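Student: For chain S, the structure is supplied; the task is to place chain F on it using the hints.
Chain by chain, the residues run as shown.
Protein chains: 2
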Amino acid sequence: MRGGLTRQLLSCLARPRGQVRPLYSFSESTRAPATVPFTKELFGVKRGPYAEVTSDDIQQLAALVEGRVETDKDDLLMHNTDWLRSLRGCSPCVVFPKTTAEVSAVLKYCSDRRLAVCPQGASTSLVGGSVPVFDEIIVSTAKMNEVIEVDTDGGTLTCGAGCSLDHLEHAAKNQHLFFPVDYTIREAQLGGIVAADMAGPRTARYGNLHGNVLGLEVVLPDGTVLDSMSTMRKDNTGFDLKQIFVGSEGSLGIITKVAMACPSLPKHINVAMVYTDSFHKVLGIMRMTKEHLGELTSACEFMDNEAVMSVKKKYLSAWGVPSKPFYVLIETAGQCDMHDEEKLKTLFNALKDKELILDGQIGPLNYDDPTFVERLWNINTRILAALSRGGNVYHYDVSLPHDKQYKLVEKLRKELSGEILKVASFGHLLDSNLHLALQSHNFDPETSDELDRTITDYVTRAGGAVSAELGCGFRNRNLGAHCKDPVEVKLMRQMKQLLDPHGIMNPYKVFPDGA
Amino acid sequence: MRGGLTRQLLSCLARPRGQVRPLYSFSESTRAPATVPFTKELFGVKRGPYAEVTSDDIQQLAALVEGRVETDKDDLLMHNTDWLRSLRGCSPCVVFPKTTAEVSAVLKYCSDRRLAVCPQGASTSLVGGSVPVFDEIIVSTAKMNEVIEVDTDGGTLTCGAGCSLDHLEHAAKNQHLFFPVDYTIREAQLGGIVAADMAGPRTARYGNLHGNVLGLEVVLPDGTVLDSMSTMRKDNTGFDLKQIFVGSEGSLGIITKVAMACPSLPKHINVAMVYTDSFHKVLGIMRMTKEHLGELTSACEFMDNEAVMSVKKKYLSAWGVPSKPFYVLIETAGQCDMHDEEKLKTLFNALKDKELILDGQIGPLNYDDPTFVERLWNINTRILAALSRGGNVYHYDVSLPHDKQYKLVEKLRKELSGEILKVASFGHLLDSNLHLALQSHNFDPETSDELDRTITDYVTRAGGAVSAELGCGFRNRNLGAHCKDPVEVKLMRQMKQLLDPHGIMNPYKVFPDGA
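Sequences listed follow chains S and F, in order.
The opening residue of the first sequence carries number 5 in this note's numbering; numbering runs sequentially from there.
The opening residue of the second sequence carries number 5 in this note's numbering; numbering runs sequentially from there.
Isolated chain S (complex conformation) (with noise of 0.2 Å):
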């Protein structure tokens, strides 16, 4: 279990939303791809019983995409290789399809073969969910990129599965409506964002994706297409058995459209910035919060001082960021400025007179002309990024109930061997989730291992969830089962069978070793 090997760590935290852009682009693995270690053998992982890819092979793909198979090395080294640059396959070719009918005659032909498939959109998975660990056919929805109808009045936004996340923020806009699915990498597409169910910090206010996504198109393993789209907020005709496919990682079929349900584009995003000197006031800053800002609330996010100095360390010496033992973001997505201003200085007032908050600050939301509050946001979405750059990181997304959260940071503070020279801690208060990165000098399989176990154990005795939402990928496949119900493990292996009898979809992922 070497789930948290994190080298060339990104942010997994989302940017601020809205009418803005980012300060900072997180293209920032420097690591050259040709350098990772090929995963089957840093993991020693077995081959599973599939077909090798041949040359007729290839040219039976491209025949059915009209060419657009790639098979250039350099072009091939990218598609094989994770966007942490630490995990790495040998797929022999990417085929795009630009259909629907490309996709299935594409999947019917792996079936027919026997030949494993591995599905690909932007290949923004931090867990290692999209890229190859063998030689598995790549299928990008990379080019299924169309934004097919917004309709403002439903309040919903139809497209392919390989529309980035800024170009549907975009679409949105332009009909008045908020796209609601956040994630750092704006590069990211909506069928790799569904399939692996993420999440992002917004999701207490506009929901998750079981909720919002209303239809979608789905080519099983054999090539049959399960047309599950709709536009209707409401559907009780039967299962809904498109939720089964959100969040299976590309294991049961290709997600080749979605319907989303999208809210009504809020006028205006205010911040604080509140600092205090211990969590259990942080987590009194949360319950204040959601009493006087409510349905307002967009976000609230907590940081300890050792994630905020971090960034500060490697980033933001000028920006002169005091240093505090938490510091909590709080923001508000709303329709009045005035009102909801005034909503935010009641709270920090209140904040103060409890004595929850030593200070802080507010502020509108406004990156084109970027004040300190606006700076203190991008803080929370490179915290990963700059710890990565003072050595190794292994990072953990995990949900826990509050009151169990920053005990684990403290317990592992105090029980880790001195390998691990930083733990920083950060997270999205109002969803749970607690995001962990344990710095240390270099990569250490032991470590690793023991910090998998004392998380998994932890999380697990206290009902919380080792993969809250990245999902479990190749990183961690061993985890997720490890803390589920046997009972449940053995449902996922059933509907898997029962949808992708030969196993061809996305192996060596979300089961665990063995399966």
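Please keep in mind that the hints were generated in silico from the structure rather than gathered at the bench.
A quick note: this is a predicted structure, and the numbers were derived from the prediction, not measured.
Please note that a few of the clues may not be correct.
For identical chains, the list gives no copy identity; a pair is met inside one copy or between any two copies.
[Stated by the list, open to error] Derived lysine-lysine pairs resembling DSS-like cross-links, with alpha carbons at most 27 Å apart:
| # | residue 1 | residue 2 |
| --- | --- | --- |
| 1 | Lys-177 | Lys-408 |
| 2 | Lys-411 | Lys-50 |
| 3 | Lys-500 | Lys-50 |
| 4 | Lys-426 | Lys-328 |
| 5 | Lys-358 | Lys-177 |
| 6 | Lys-349 | Lys-271 |
Tutor: Chain F alone, transformed into the frame defined by chain S:
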């Protein structure tokens, strides 16, 4: 296809929520259960290949649940007859387990003996989903009615499947949370609500059950317990299997426990009732409501003249409700009464300025001292009841794109035979959900079939859903599959075969005849 028959219809629209009580009780079924015809005879249903229930079976089942088996004739009659007093089965017993282990033992027994099972809670299904058709063993979860935990910080509530909505609303409120599910019949129990994927008018604000159900415990047909319980808002460790049971209408297993996400309790509820003269303007009102109120909107309901005047005639003649072509009810739920009221007033004036409304009224919602506007909210929940007092009502609950909604109403008024006296319509605008109530003197099978065909055809062509929020149950079993992709119907059957190989769970429901 006689899905439209609703002889003694109760309202399926939700009453206003918050800290309010309804003005009316909805126990208006006047028909004596003993006069309700047997479903199997009325609809000519063929019994499945299940074992006949023997007196030994009843003794064995009683032994599994410490004697909690009902066989009294009068009580059985109530459990065999649906809420609308229009369907009737002939089960010889109701089993009342109190624990998951007991449910498991009962299902294992039934599975081994090939006895058909009908899960039941408060039996408030309006589509005949919760009463037997033949002699299915009724397994009631009504005694599993414990609120297990309410976590204010996490915003979650965990309970047994037998908890009623009133019970849960109260338990949530005590911990400053809002229970986000709504349904007129407040005795409805959460297990059934989740099984039927009930929505209600506040889905656009608070999200649907696929988004809000965080954990489920389900007993599978063979007695296996599937523990998908969690109170975490984010859990990406493997497939989200619990989703398959949300909306499976008791045909895949019996839900025994539920964990729900609950938002903070709103402090103030305000309402406005506006009148207008075209459905085109109704949509304009909806658009401006979204623009002005945004996140604050908790409901936006339309009713046409036929709907409101039917209620006025039956119940409210003294209230002087004006006769207007269209009515729109707008509700806000927020944290600051002054802000909420100001926004609602600004909206009201803007609607007047744009000449979108003829007139209207605004007021806070306070059922202890009901005003005109609050009384009008009650109209919304009594439309079907009022119409059914004037004769037979064929009721349809469909999803349709907004621009296609009132065209269907007009088409029906224009094209239908003289059998139909009145077509009334009302709906949840923000959810594209339209309710149709067609009044006639008597129920006529041919008219019912004609309506089924006309409405299903129109809805399918328009990309809508023939069952929006009530499910398929027995009544709509043939309509759902009719407008679904055959691949989806096949996969539904495979899923049923996988989880319920002997087909004992809630037969004659959800799937079309002959499936």
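Student: Are the hints correct? Go through all of them and say.
Tutor: Results for each hint:
1. Lys-177 - Lys-408: between (39 Å within a copy, 24 Å between copies)
2. Lys-411 - Lys-50: neither (38 Å within a copy, 60 Å between copies)
3. Lys-500 - Lys-50: within (19 Å within a copy, 34 Å between copies)
4. Lys-426 - Lys-328: Intra 16 Å, inter 69 Å, cutoff 27 Å: intra-copy only.
5. Lys-358 - Lys-177: between (39 Å within a copy, 24 Å between copies)
6. Lys-349 - Lys-271: Both ways: Lys-349 and Lys-271 sit 18 Å apart in one copy and 19 Å across, limit 27 Å.
Comparing the model with each numbered hint stated earlier shows that hint 2 is the single one that does not hold.
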